[in-house]
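Sequences listed follow chains A and B, in order.
Following our numbering, the numbering of the first sequence begins with 1 at its first residue and continues without gaps.
Following our numbering, the numbering of the second sequence begins with 1 at its first residue and continues without gaps.
Among the clues, some could well be false.
A short, non-exhaustive set of chain B residues, derived as facing chain A with CB atoms under 8 Å [stated by the list, open to error]:
1) V34
2) L36
3) K85
4) V88
5) Q91
6) N94
7) L96
Because the hints were derived from the structure by calculation, they are not lab data.
Don't be surprised by glycine CBs; every beta carbon is placed ideally from N, CA and C.
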Amino acid sequence: MTGTAVDLIWLAPALALAGFVLNGTLALWRPNAKVAVTVIGVGVLVGAFAVAGAVVSAFAGLHAEAPVVQQYWSWMPVGTLQVDVALQVDQLSAVMVLVVTGVGSLIHLFSVGYMKADAGYARYFAYLNLFIFFMLVLVLGANFPLMFVGWEGVGLCSYLLIGFWFNEKVNADAGKKAFIVNRIGDFGFLVAMFIIFWATGSLDFREVFSRAPTLLATGGGAVTAITLFLFLGCTGKSAQIPLYTWLPDAMQGPTPVSALIHAATMVTAGVYLVARCNILFALAPISGAVVAGVGALTALFAATIALKQWDIKRVLAYSTISQLGYMFVGVGTGAMAAGVFHLVTHAFFKALLFLGSGSVIYAMHHAYHATHSHEDAQDMRNMGGLRRHMPWTAALMWIATLAIAGVPPLSGFFSKDEILAAAFTRGTVQPAWYAFWGLGLAAALLTAFYMTRLMIYTFHGPSRTGADAEAHLHEAPWIMTAPLVVLGLLSIAGGMLNVPELWSGHAWLHHWLEPVTAAGAALLPEAHVSTGMEWTLVAIAVAVAVTGIVGAWRLLKPEALAPARSAPAERGLAKVLRNKWYVDELYDFFVVQPLLWLSREVLWKYVDQRAVDGAGVNGAARGARALGWLGSRLQTGQVGVYVTVFVVGVLLILWRVAP
Amino acid sequence: MLLEPALVISAVLFTLGVAGVLLRRNAIVIFMCVELMLNAVNLTFVALAQRLGVGGQVFVFFVMAVAAAEAAVGLAIILAVYRHKQTVNLQNINILKG
Numbered sequence: 001m002t003g004t005a006v007d008l009i010w011l012a013p014a015l016a017l018a019g020f021v022l023n024g025t026l027a028l029w030r031p032n033a034k035v036a037v038t039v040i041g042v043g044v045l046v047g048a049f050a051v052a053g054a055v056v057s058a059f060a061g062l063h064a065e066a067p068v069v070q071q072y073w074s075w076m077p078v079g080t081l082q083v084d085v086a087l088q089v090d091q092l093s094a095v096m097v098l099v100v101t102g103v104g105s106l107i108h109l110f111s112v113g114y115m116k117a118d119a120g121y122a123r124y125f126a127y128l129n130l131f132i133f134f135m136l137v138l139v140l141g142a143n144f145p146l147m148f149v150g151w152e153g154v155g156l157c158s159y160l161l162i163g164f165w166f167n168e169k170v171n172a173d174a175g176k177k178a179f180i181v182n183r184i185g186d187f188g189f190l191v192a193m194f195i196i197f198w199a200t201g202s203l204d205f206r207e208v209f210s211r212a213p214t215l216l217a218t219g220g221g222a223v224t225a226i227t228l229f230l231f232l233g234c235t236g237k238s239a240q241i242p243l244y245t246w247l248p249d250a251m252q253g254p255t256p257v258s259a260l261i262h263a264a265t266m267v268t269a270g271v272y273l274v275a276r277c278n279i280l281f282a283l284a285p286i287s288g289a290v291v292a293g294v295g296a297l298t299a300l301f302a303a304t305i306a307l308k309q310w311d312i313k314r315v316l317a318y319s320t321i322s323q324l325g326y327m328f329v330g331v332g333t334g335a336m337a338a339g340v341f342h343l344v345t346h347a348f349f350k351a352l353l354f355l356g357s358g359s360v361i362y363a364m365h366h367a368y369h370a371t372h373s374h375e376d377a378q379d380m381r382n383m384g385g386l387r388r389h390m391p392w393t394a395a396l397m398w399i400a401t402l403a404i405a406g407v408p409p410l411s412g413f414f415s416k417d418e419i420l421a422a423a424f425t426r427g428t429v430q431p432a433w434y435a436f437w438g439l440g441l442a443a444a445l446l447t448a449f450y451m452t453r454l455m456i457y458t459f460h461g462p463s464r465t466g467a468d469a470e471a472h473l474h475e476a477p478w479i480m481t482a483p484l485v486v487l488g489l490l491s492i493a494g495g496m497l498n499v500p501e502l503w504s505g506h507a508w509l510h511h512w513l514e515p516v517t518a519a520g521a522a523l524l525p526e527a528h529v530s531t532g533m534e535w536t537l538v539a540i541a542v543a544v545a546v547t548g549i550v551g552a553w554r555l556l557k558p559e560a561l562a563p564a565r566s567a568p569a570e571r572g573l574a575k576v577l578r579n580k581w582y583v584d585e586l587y588d589f590f591v592v593q594p595l596l597w598l599s600r601e602v603l604w605k606y607v608d609q610r611a612v613d614g615a616g617v618n619g620a621a622r623g624a625r626a627l628g629w630l631g632s633r634l635q636t637g638q639v640g641v642y643v644t645v646f647v648v649g650v651l652l653i654l655w656r657v658a659p
Numbered sequence: 001m002l003l004e005p006a007l008v009i010s011a012v013l014f015t016l017g018v019a020g021v022l023l024r025r026n027a028i029v030i031f032m033c034v035e036l037m038l039n040a041v042n043l044t045f046v047a048l049a050q051r052l053g054v055g056g057q058v059f060v061f062f063v064m065a066v067a068a069a070e071a072a073v074g075l076a077i078i079l080a081v082y083r084h085k086q087t088v089n090l091q092n093i094n095i096l097k098g
C-alpha cells in the first residue's frame with residue numbers, strides 16, 4: 001500500500017466486472033433496456049479509464065524503480081507454491097492499462113451506434129465488459145497463474161463474441177476454431193509455467209525475474225524451453241505462424257469486436273508477455289532469434305495474403321497478423337520499448353481502420369437492406385467511390401492508412417522504423433537479423449501496397465454498389481464517427497510518445513519502460529550503428545512506404561473492377577493468394593482430418609464403445625450379475641439345506657475355534 | 001453323583017434331536033426334535049448344577065418358559081402353514097428360494 005491513488009488499481013477491473021454482472025442480469029431479464037445497458041456498459045469503461053489515468057499519474061509521481069504490487073488475498077497456498085491474488089503496477093502494465101481502457105472506451109462508444117438495432121444488445125455489452133475485466137487481469141496480474149486466468153478469460157470472451165451471431169453456423173464454427181487453436185497455445189503457456197516453477201521455485205513475477213539470472217544458465221536448456229513454450233502460447237494468442245489461422249475467421253464477429261479484441265488488445269497479449277518476461281528471453285538467445293524470425297516471417301507471409309483478399313475485414317485481419325509480426329520482431333530483437341511502442345500505435349490506427357471499416361459495412365448494410373438486395377456488404381468489389389458519401393470515414397481511414405504504411409510523421413512511421421532499425425542494428429553483431437530486417441522491409445512494402453489497394457477500391461473510383469442502393473449510402477451517426485476522430489488524432493500524434501533521439505526527441509516511452517526492460521537489455525550483445533547509417537535506414541523505410549503507396553495508386557485500376565457477382569475468377573499466383581496459400585486446406589488435410597478419423601474410427605468406435613462402455617461399464621454390470629446368480633443358488637428354499645449348513649458351520653467352529 | 005451318565009444321556013438326546021431336525025420332513029416332528037434338544041440342554045444344566053451351584057437350575061426354568069412360548073408360536077405358524085398349503089411337509093414349503 002503506497003497511500004496514493006495507485007492503491008485504487010483494483011477498482012478498474014472491479015468496475016468492468018460490475019458492468020458484466022449488471023449487463024448480464026439485464027441481458028437475461030430486460031434485454032430491451034438499451035438505455036440502461038448503454039449507461040452501464042460505456043460508463044464502467046469510462047470509469048475504468050479514469051481510474052487507470054489516476055493510477056498511472058500517481059504511479060509516475062512515485063518515480064518507482066520497482067513495481068508496486070497490491071496483494072489482496074492468498075489464492076493457492078500449497079507448500080512452497082504460494083500464489084496470491086495480487087495486482088502489479090509498473091511502467092509496462094501502466095501503458096497496457098491505458099491502452100486497454102482508453103481504446104476500449106472509444107470502441108464501446110462506437111458499439112452503441114453499431115449494435116443499436118441488434119436484439120442481443122445487452123448480451124453484447126455484457127461480454128464486452130467481461131472481456132475488459134479479463135484483459136485488465138491479464139495485464140495487471142502479478143504472477144503467472146493470475147495472468148493465465150486473464151489469458152484464458154479473454155480467450156473465452158473472444159469465443160463468445162466471434163460467435164455472437166451464433167444462428168449462422170459459419171460464425172459458431174469460427175468461434176470454435178479460435179478457441180481450439182488457442183488451446184494449443186495455452187498448452188505451451190501451461191508447460192512453461194510448470195518449468196518455471198520447477199526451475200525457480202516460484203511463479204511470482206518479481207521473484208522469478210530476480211532469481212532467473214542466478215538460477216538459469218544463459219542459453220541453458222531450462223530457460224530456452226521456458227521461453228519457447230511461452231512463445232508457443234504467444235503464437236496462439238497473438239496469431240503468429242503456425243497458429244494464426246483463427247484470426248481471419250474471427251472476423252465473423254461484430255466489427256467493433258474485431259477492433260477491440262482482434263486488433264487492439266487481446267492479440268497483443270503475446271507481445272506483452274514477451275516484454276514482461278524480457279529477462280527470460282534475454283537469457284535465451286535462441287528463443288529470441290525464434291521470436292524475431294517467426295515474427296518477420298509472419299509479417300511478410302500475412303502481408304502477401306492481404307494483397308488478394310476482397311473482404312474488407314479480412315484484409316485488415318491479415319494486416320493485423322502482419323503488424324503483430326513486427327511487434328515480435330521488436331521484442332525478439334530485445335527492443336522491448338520498440339515492440340510495445342508499435343503495440344500502442346497499432347492499437348490506435350488499427351482500431352481506427354477496423355471501426356472505419358465498421359462504418360463502411362454499416363452504411364453498405366443499410367443501403368442493401370433498404371433496397372432488399374442480398375449482395376455482400378463486406379466485399380470491396382461492391383464498394384467504390386464511398387468517399388463521396390462518407391467523407392469523414394474516408395479521410396480518417398486515409399490517416400490510418402498512411403500511419404500503418406509508415407509515412408512520416410504519423411505514429412506508425414516512428415514505431416515501425418524503430419523496430420526495423422533495432423533489427424538492423426542487431427544484425428551488425430548477429431547477421432541473422434539482417435534477414436529479419438529484410439523480411440520486415442519487404443512486408444512494409446506490401447503493407448503500403450495492400451492498404452492503398454483497400455482505400456482505392458473502397459473509397460475511390462466509380463461506385464459498384466448498384467444505382468438504387470447507392471442513394472441510401474450515408475455517413476454513420478456521430479456516436480460512431482466521434483470515436484473515429486479521436487483515434488485519428490491519436491494515430492497522427494501517437495508517434496510523439498517516443499520520438500527517437502535521432503530526431504532530437506526524448507524517446508519518452510523508451511525511458512519510461514527502462515525500469516522494466518533494463519535488466520534484460522543488459523544481457524543482450526551491445527550493438528551500435530552510426531548516425532549516418534540510421535538516417536539511411538529511415539530513408540530506405542520511407543522510400544519503401546512511398547513506393548508501395550504510389551505503386552498501388554498507379555497499378556490498380558478501380559475502373560476495371562467488376563462487382564463481386566460478375567467478377568471473374570483469379571488465376572495463377574493471385575488464386576493461391578486469394579485462397580491464403582491453401583494453409584487452411586493443408587491444416588485440414590494433415591491435422592484436422594486425421595484427428596477426426598482417429599476420434600471417430602478408433603477412439604469412439606473402439607476405445608469408447610468397446611473398451612469403456614463394453615468392457616468397463618457393461619462388463620462390471622455383467623460380473624456383478626454373475627456373482628449374484630452364484631449367491632442366489634444357495635437360497636434353495638429347503639429348510640433342511642439351511643439347517644445342514646448351519647450345523648456344519650457350528651461343528652466347524654467348535655472344531656477350529658473352540659479348542 | 002452320577003454326573004457322567006447324566007451328561008452322556010443328554011449328549012445322546014441332543015444328537016438324536018439334531019439328527020431328527022436334519023433328516024425328518026414333517027414340521028411337527030422337527031419341532032419335537034427341537035424340543036428334544038432343548039431338554040437335553042436342560043438336563044446338562046441340572047446335572048452340572050450340583051457341582052457349579054444353583055444357577056444352572058434357575059436357568060432351566062428360563063429355558064422352559066422360553067420353550068413354552070416358542071411352542072405356542074411355532075405350533076401357530078405350523079397351523080397357519082397347513083391351512084394355507086394343506087401340508088406340513090417341509091420339502092413342499094420352499095417359496096423362500098432365491
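Quiz item: Does the nearest C-beta of chain A fall within a distance shorter than 8 Å of the C-beta of V88 of chain B?
Solution: violated, 12 Å
Self-check item: Closest C-beta approach of L36 of chain B to chain A relative to 8 Å, hint status
Solution: This interface hint is violated because 14 Å lies over the 8 Å limit.
Self-check item: When the least beta-carbon distance from N94 of chain B to chain A is tested against 8 Å, hint result
Solution: holds, 3 Å
Exercise. Report holds or violated for the interface hint on V34 of chain B, using the least CB-CB distance to chain A and a cut-off of 8 Å.
Key: For V34 of chain B, the interface hint is violated, since the closest Cβ of chain A sits about 10 Å away, which is over 8 Å.
Quiz item: Hey, does the Q91 of chain B contact hint survive, CB to chain A under 8 Å?
Solution: holds, 7 Å
Self-check item: Restraint check, 8 Å cut-off on beta carbons, for K85 of chain B near chain A
Solution: violated, 13 Å
Quiz item: Should the interface hint for L96 of chain B be scored as holding, given a Cβ-Cβ cut-off of 8 Å against chain A?
Solution: At 5 Å from the nearest chain A Cβ, L96 of chain B passes the 8 Å test, so the hint holds.
This entry does not satisfy hints 1, 2, 3, 4, going by the numbered hints stated previously.
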